[in-house]
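The listed protein sequences derive, respectively, from chains A and Y. For what it's worth, my numbering labels the leading residue of the first sequence as 1, then goes sequentially. For what it's worth, my numbering labels the leading residue of the second sequence as 1, then goes sequentially.
One or more of the hints may lead you astray.
As the list claims (entries may be wrong) - Computed spacing ranges between beta-carbons, pair by pair:
no., chain 1, residue 1, chain 2, residue 2, range
1, A, Ser33, Y, Glu79, 48 to 54 angstroms
2, A, Leu94, Y, Thr91, 24 to 30 angstroms
3, A, Val37, Y, Glu79, 52 to 58 angstroms
4, A, Leu94, Y, Asp215, 47 to 53 angstroms
5, Y, Ala155, A, Asn29, 28 to 34 angstroms
6, Y, Thr111, A, Asn131, 36 to 42 angstroms
7, Y, Ala155, A, Ala89, 32 to 38 angstroms
8, Y, Asp215, A, Ser33, 53 to 59 angstroms
9, Y, Thr139, A, Trp142, 52 to 58 angstroms
10, Y, Leu60, A, Val37, 52 to 58 angstroms
11, Y, Leu65, A, Pro116, 16 to 22 angstroms
12, Y, Leu172, A, Val37, 46 to 52 angstroms
13, Y, Ser138, A, Gln169, 36 to 42 angstroms
14, A, Arg184, Y, Pro233, 50 to 56 angstroms
None of these hints come from the bench; they were simulated from the model. Every residue, glycine too, gets a C-beta built ideally from N, C-alpha and C.
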Amino acid sequence: MALPAVAFFGIFALIPLIGVVVISFMEWNVLGSPEWVGLTNWEAVLFDRPFTWTALGLTVTFVIGSYLFQAPVALLLGVFMAGQQRYRALLAVLYFLPLLFSSVAVGLTFQSLFSPNYGLSAALPFEWLPNDWLANSDLVMWVMIFVVGWCFVPFHGLLYQAGVRQIPQSMYEAATIDGAGRLRQFFSITLPQLRYTIITSSTLMLVGSLTYFDLIYVLTGGQPADAVRILPLDMYVTGFASYNLGYASVIAVILVAIGLTLSLLLNVLSGSSKMDSDKAGA
Amino acid sequence: MMTHTTSSEPVTPDAKSDRAITPETAGADRGNIKQNKVRRTGAPGEKLNILGGLGGWIWLAVIILPIYYIVITSFRTSEDLRANNQLLPSTNPTIAPFIKVLQNDFLHYFTNSVIVTLATVAVVLSASVMAAYYITRSTTLGGKRLFQIILLGIAIPVQATIIPVYYLIQQLGLYDTLWALILPQIAFAIPLSVLIIVNFVRDIPAELFESMKVDGAGEWRILTSLVLPMAKPALMTVGIYQALQVWNSFLFPLVLTQSSEVRVLPLSLWEYSGQFGIDVPATLAAVVLSALPLLVAYIFARRHIVAGLTAGFGK
Chain A
1 MALPAVAFFG
11 IFALIPLIGV
21 VVISFMEWNV
31 LGSPEWVGLT
41 NWEAVLFDRP
51 FTWTALGLTV
61 TFVIGSYLFQ
71 APVALLLGVF
81 MAGQQRYRAL
91 LAVLYFLPLL
101 FSSVAVGLTF
111 QSLFSPNYGL
121 SAALPFEWLP
131 NDWLANSDLV
141 MWVMIFVVGW
151 CFVPFHGLLY
161 QAGVRQIPQS
171 MYEAATIDGA
181 GRLRQFFSIT
191 LPQLRYTIIT
201 SSTLMLVGSL
211 TYFDLIYVLT
221 GGQPADAVRI
231 LPLDMYVTGF
241 ASYNLGYASV
251 IAVILVAIGL
261 TLSLLLNVLS
271 GSSKMDSDKA
281 GA
Chain Y
1 MMTHTTSSEP
11 VTPDAKSDRA
21 ITPETAGADR
31 GNIKQNKVRR
41 TGAPGEKLNI
51 LGGLGGWIWL
61 AVIILPIYYI
71 VITSFRTSED
81 LRANNQLLPS
91 TNPTIAPFIK
101 VLQNDFLHYF
111 TNSVIVTLAT
121 VAVVLSASVM
131 AAYYITRSTT
141 LGGKRLFQII
151 LLGIAIPVQA
161 TIIPVYYLIQ
171 QLGLYDTLWA
181 LILPQIAFAI
191 PLSVLIIVNF
201 VRDIPAELFE
211 SMKVDGAGEW
221 RILTSLVLPM
231 AKPALMTVGI
241 YQALQVWNSF
251 LFPLVLTQSS
261 EVRVLPLSLW
271 EYSGQFGIDV
281 PATLAAVVLS
291 ALPLLVAYIF
301 ARRHIVAGLT
311 AGFGK
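All chains, full assembly: derive it from the sequences and hints.
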């Protein structure tokens, strides 16, 4: 019964996961066959290639920046959408729209909006508005964080909305009787009750942006300036543009390692906090 | 202090003022929409509510502006785009950009996307429901182990395994075929799908399985006439979620296909933008056309799609 699932999963997901570790010890330039070279790739990528560390730094900036932008907006949006007012329900329908566009569609849209010749800067009469959004190496990282946020905030907003709706109304009623104001209720009821949602959403956000590739590739036209060449993109360019698949596999293994560590860490966190909230609920 | 427009139930003054301070409490009687028209002045939460509302409208603008921009731009010529204000609709709207896209094999790419999506989702659903049935009914250690390994798969990032997948597809002689897109995407969709369906199948009472067995039903009968009908809502959510993922996926086609014969929609957008160059309206018309099927689906099945998207994460 389980055979088809096991076969597909084993051949095309599990074996590649092991395969990427194996290829990281091989030299392979796409055309020939891979050849065993031991630790050569690892040494080269970690010690003789300063850009690896630059890319890691950029990845950290991207992941943290994305989180600081997406998490608060998604949380507030979720709380907002969970309200009962009719216009909020209508807004929620519209908030969902970015989820219907593929990352390429979003990338091309913003590429055009940020174009110096016919984008926002040309249309709006503000002199101070920069017109080289995507070419300016100081700006481009923030533009990426914004655009990626544009795509993913709606999804996380939905998660929070569902989370808020599960909070028992009686808690708010009791707090109101005790004279707690809105702000107090938000920090003493809503936030603690959302703990589990916060962990789930945070895991998806952090691991998601760690391995994020599509939009950044499209927005930079596939020729990323080094200012946004985060690890997943660095892996792709090294592997499929420079045809050094051994190096690229090393980068991929580093990504998997960071990603798994991060998920495990957050999982441990969620395990303990879930127990706490279970107790609080009882 | 405040005026209820109407209230279908008699409320004590105390309850009334409670409601006024926290309109969220209106959720206690959700059916009563009029409850939400409560006007408040000077209540402690008032300022916060206004701030929240303002934030809500600002975010709406952030969401809508780019979508508005691609729609109006796709109805003008490239000269028009450069000569006039880009944020105002053209005074000479034209459908030429759409015609150009349709004349450049859009329907062919669209068909490829449909084939890949349907094939992937069909196999994912059948394989996952079978695996979920095995896992829930299995009393051996093997079943548990299997579930744990499959769960681990949720954490495997697709991006990081693309190089071995590329190698594998090449060795199998499937490079640049639709199979190259279908097979790996099935594999990566299975873990989450199995998880969601298992959670659902577990809720089927054990007595139902027992009584069917007593009646002499085999595994297949039980699967098709008990598990499948009962797990239908889960299959629906999983199907929608995976269909969206596959429909919009970019990295697999980018790495595993090359020729225009097997090009799928997201990759076609990427190629169009290179091919059309400065004809930005044509590129954006392709963007609009590519999102259209999902938009139509969203209009007709919004609830299912929203549920499908957050499936497995919402709990």
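Status of each hint after checking the structure:
no.	hint	in the structure
1	A:Ser33 x Y:Glu79: 48 to 54 angstroms	holds (53 angstroms)
2	A:Leu94 x Y:Thr91: 24 to 30 angstroms	holds (27 angstroms)
3	A:Val37 x Y:Glu79: 52 to 58 angstroms	holds (55 angstroms)
4	A:Leu94 x Y:Asp215: 47 to 53 angstroms	holds (51 angstroms)
5	Y:Ala155 x A:Asn29: 28 to 34 angstroms	holds (30 angstroms)
6	Y:Thr111 x A:Asn131: 36 to 42 angstroms	holds (40 angstroms)
7	Y:Ala155 x A:Ala89: 32 to 38 angstroms	holds (35 angstroms)
8	Y:Asp215 x A:Ser33: 53 to 59 angstroms	holds (57 angstroms)
9	Y:Thr139 x A:Trp142: 52 to 58 angstroms	holds (55 angstroms)
10	Y:Leu60 x A:Val37: 52 to 58 angstroms	holds (55 angstroms)
11	Y:Leu65 x A:Pro116: 16 to 22 angstroms	holds (18 angstroms)
12	Y:Leu172 x A:Val37: 46 to 52 angstroms	violated (25 angstroms)
13	Y:Ser138 x A:Gln169: 36 to 42 angstroms	holds (41 angstroms)
14	A:Arg184 x Y:Pro233: 50 to 56 angstroms	violated (39 angstroms)
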